[in-house]
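Student: Note that the protein sequences, when read in sequence, are chains A and B.
Residue 230 in my numbering sits at position 230 of the first sequence, and the numbers go up by one each step.
The number in my numbering is simply the position in the second sequence, starting from 1, with 1000 added.
Everything labelled a hint here was simulated from the structure, so no lab data went into it.
Ideal Cβ placement from N, Cα and C applies to all residues, glycine included.
Treat the hints with care, since some could be wrong.
What the hints assert, rightly or not - Covered stretches of chain B, going by a simulated chain A footprint (3 or more residues, C-beta under 8 Å):
(1) 1173-1179
(2) 1394-1402
Claimed, not checked - Label-pair distances were calculated between CB atoms; the ranges are:
(3) T1307(B) - A32(A): 35 to 43 Å
(4) V1384(B) - A145(A): 34 to 42 Å
(5) N1016(B) - Q18(A): 37 to 45 Å
(6) V1289(B) - A21(A): 30 to 38 Å
(7) P1368(B) - G96(A): 45 to 53 Å
(8) A64(A) - V1304(B): 37 to 45 Å
(9) L1360(B) - R79(A): 54 to 62 Å
(10) L1372(B) - R121(A): 34 to 42 Å
(11) L1360(B) - R121(A): 29 to 37 Å
(12) D1400(B) - R191(A): 28 to 36 Å
(13) V1304(B) - A27(A): 37 to 45 Å
What the hints assert, rightly or not - Some chain A residues judged to face chain B by a derived CB distance under 7 Å, without partners named:
(14) N54
(15) D60
(16) L100
(17) I114
Residues per chain are reported as follows:
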Amino acid sequence: MSGSLLITFDEVWKSYGQGEATVHALAGVDLAIRSSEFVAIMGPSGSGKSTAMNIIGCLDTPTAGTYSFMGIDAGRLDRNRRAMLRNLYVGFVFQGYNLLPRTTAVENVELPLIYRGVAARERHDLAMKALTEVGLIGREHHTPAELSGGQQQRVAIARAIVTRPTLLVADEPTGNLDTARTHEIMELLTRLNTELGLTIAMVTHEADVAGYAERTIRFLDGHVASDTMNLEVV
Amino acid sequence: MIWETVRLSLLSVRRNVLRSFLTLLGIVIGVAAVIAMLTIGSGTTEKVKADISKLGSNLLVVRSGRPAGPGGPGGLDQVVRPLAQKDLAALVTHLSGARAISPASQKQVRVIFGTESLTSGVTGTDSAYLDARDWKLVSGRPFSDSEARSGTGVCLIGETVRQQFFGAGDPEGEIIRVNRTSCKIIGLLEPKGYTGFGQDQDNVVLMPLAAYQRRIAGNRDIDSIYVAADDRTPTTELLPRVEDILRDTRRITPDREDDFSIRDMTQIADAMASATTTMTGMLGAVAGVSLLVGGIGIMNIMLVSVTERTREIGIRLAIGAHEKHILIQFLVEATVLSLLGGIIGILIGLALAGLASLTLTIPFAPSPAVILLAVGFSALIGMVFGFFPALRGARLDPIDALRHE
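Isolated chain B (complex conformation) (with noise of 0.2 Å):
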């Protein structure tokens, strides 16, 4: 009996095609919407995830100059006392749960080999820094403790600039001048691509922080620390502690306020994540309402339709049709029209889904729950909608209906 009325149904669907069509037009764009709006948006929170494990989990940073302010982080406006090597030795020394301790002093240097040259960002840092930002080697060796103690000129490279000077050569022991001193290329960083603010990870030169400040900064100051976490201490834990000692060697009054500003990455990559997650909420609502619109619609058509065959309600009636038959079949008509709008919905908006991971370069992240949600959702909408016209036409006088033109 149901299986013949989704039959009857789809006959319906079949002999009104335009009007079934434009039925459809409502759900179809409803339900495309809320699934490419949903489907970009988890995309999107998942690449935001990702660029942000990129710059490490787990991991602080320690900058100088006041957390927040005038002027932004380190503010223009006060005279910022640049973080030193005692700062890295207190942490270094006092410091519990922290995985790995590095310093970290960057800038933007022309790197030249040979004819070739590149703009390229250098960091000068000690042999704890890959460790502490979780990068890797593909080839060669870090710098060691010596190396680093004594500013050797030697140097780990990233993939854009072994592919600037050296194509898909071995780099290794090859000399490159930085600014106006050279360094020996002793290893090859692994690939990190693009952060999702489209900084080029790859383009990096990684000298021993004593070379760095001697022959690139001439100062002896640290811009950063960056303080990693152990897996048993969580960074909101790590967080104070490193505050504390850095206001103690630092000398600071407690009156006063910190001269430095620690950062939280894994805390920052939870609240972007649950920006995009909030932002996906949003859109995916607003796409709900065309949803909603979708349903008026079916039910507007489906009105239409009783009226349109009360005759034929009549017919069905007088030859022993139960109220419940009728109800039963305008109802069926009502979900399967949406459903198959809701289904080609699902379609048209993975393609959108799809055709926009493709431009924006986010990953293509389709969920099975939210698939089955539309497909749910619009055949709820055909039943909510669908069934006050159904009862209008179950309801109907088998002989008023007969006698209708």
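One chain only, chain A, in its complex shape (with noise of 0.2 Å):
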């Protein structure tokens, strides 16, 4: 079921503001995800999820603490290395799908591939195809002001998967759409997890889109509160 281990907080700390005012966003999490698991990520706001996912994705660093990524220190990197490991390993899904306006769904798909210097034609045939993974043939040339909220969440998707990455950093990202839209997102992200076993962290507030994952982690006040295997779902 799940393989080696991925990602590690080794008493992460992260803190904000200085002396008084110092505020711990995340107070010394252990923490471990093996590749292949499906972490569903919850717990109030301000509990220092947000922080905890955003050293996850590479996109922040602990002021203490090791994180570990495939093994690499990535909590020391410099900017542009943790760039280069974004683009590498880690896909992003976002609440608000965050795709480039007035852009077609092909080439927001596309974009990652860019920074990764895919000449234009594999780059076109590598997100046709991610697209094709998320059931959005047919609709490529269409930008996102002329696609539904569901529609854009996958075009986000592929965006997220073309590169193949390890990881897939969720955030929210059933929040903006209704039940059935929910439920057919994270079919998707599930079938991508058991298809391609492709590592998926995810917060969410809902519990039934918790459900979805195999694993959920709770957090409160910068700690982890709770470890929790799902229940099989199906």
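Put the two chains together into one complex; each comes in its own frame, and the hints tell you how they fit.
Tutor: Rendered as structure tokens:
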């Protein structure tokens, strides 16, 4: 079921401000995620879950402690090295889709490949393949404004998986969707997890969305409050 | 990668057509102004040079009267001692370094042929005049030395005079009346067109000086003496020699000033050409200021663009763009914008200059160097004024940028 250790938090602290006003978003978190795991991360706002996600996605670095990603001490890398790491191994899906406006679906999906220096033709082929995987073929030349929320999120997922990442970081991917769309998107993520062996770390507020994951980590006041395996849904 | 970025920036220009157009406008106006000014300016300089060379190059013109003073050249406050035959004779005898020396006396006189009449510039001169002025005959012959000496009634006419009296016909051998005397046409002068001061250089009649003095002027005076320098002698060297000889023959004691003036046409040509060049430079500089304003416009719009697209920058950074990718993207975008503006500006500027050269009848003189400079400069403006906003975009924190609404 699950493979080797992909992500480890070792006494990770993230603090903002100085002196009396110091706020600890993460206060000595220990955490491990294996590859091919599908993890839901929950917790009230201010619990530190977003900070943890930013560190997991190599967007942020801990103030103290060690964050290791694929055995790399990612918390000590500079901006550009982390950018390279993200480009090679991490895909992002956001609540607000975050597609480039006035840019077609296929161009949006090609974007990460541009920063990899992939040639135009190959880029297009890979993007079309990713769009096929998320079931959006035929709409590749639509701009985000011409797509529904569910479809936009599918484009975003295609963009996240087009580079064949090791890790998918999803920040409330269904937060803007209705129940039916939520179910579709979650089915898609589950399928990517099982079929491609993609590791998924997903922040969510909703228990039924978290239910699609195999494990739920709850944050509270900068600590991991609980870490439980979910029952099989099906 | 670079080509991809250029393509992306062109896309972004196209996506924001109105905003891009407004941004471009500054650069377009600036570049168009610079190009138009410099092109019109160099056309004017060429025109001035051409006009003055029509007056004769390497030419000194001696006139009676003091060079300058109250009342201008040949001031009215002084008794003017005209140039005389002995002044001419002295120059011819003693002056070295001259190719041709020729006297001339001029007057606007009514010229009549049949029932037609025309007021024309009649000049009394000798056979060296054509050489001194660098004028050529289309047909016929110049007057001979003996005709010049004896003052025979013969004359050479300009194109305007021919057209007035003979249309396209051959004027040779016809007799025209100049004032109350008649003279036979023996040659036709090459057309020279108008001077820069609007004077028709073809409305002329040349006749032997002796004939002019006796029958038209009624005196023995010489208005001016033309001295053309030979190829080896610069006019600046020739001028003092002419002055010395004339002071000597006119018996001017060292304590007194010249009672004649010598004008160096080459120097006048240079002075006027350099004046128009200075003018051109000044106009160009003023136009350059508007380019600078255009550049600030680019910076402004790029700052707006970076702020407006903070989220986009966040997305790009999140999915793996390096700082330099963002920097290059916005730099290229600014450069593409200003280059585009530069190219449109060049086309408009050249069109304006072309229009001006048509209406002002000056040569259309576009300079490849100026155009290249304008292209380079507008690209530079894009880079310089795009750099700060681009850097601001590149330095954004991806987390903050993604959170930006």
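Student: Could you run down the list of hints and mark each one as holding or not?
Tutor: These are the hints, each one checked on the structure:
1. 1173-1179: violated (count 0)
2. 1394-1402: Per the Cβ count (3), the hint holds.
3. T1307(B) - A32(A): 35 to 43 Å: Once the Cβ atoms are compared, 40 Å apart, the range 35 to 43 Å for A32(A) and T1307(B) holds.
4. V1384(B) - A145(A): 34 to 42 Å: holds (35 Å)
5. N1016(B) - Q18(A): 37 to 45 Å: holds (42 Å)
6. V1289(B) - A21(A): 30 to 38 Å: violated (50 Å)
7. P1368(B) - G96(A): 45 to 53 Å: holds (52 Å)
8. A64(A) - V1304(B): 37 to 45 Å: holds (39 Å)
9. L1360(B) - R79(A): 54 to 62 Å: Holds, since L1360(B) and R79(A) (Cβ atoms, about 59 Å apart) stay within the stated range.
10. L1372(B) - R121(A): 34 to 42 Å: holds (36 Å)
11. L1360(B) - R121(A): 29 to 37 Å: violated (55 Å)
12. D1400(B) - R191(A): 28 to 36 Å: holds (33 Å)
13. V1304(B) - A27(A): 37 to 45 Å: holds (41 Å)
14. N54: This hint holds: N54(A) lies near chain B, its Cβ roughly 6 Å from the closest one there, short of 7 Å.
15. D60: holds (6 Å)
16. L100: holds (6 Å)
17. I114: holds (6 Å)
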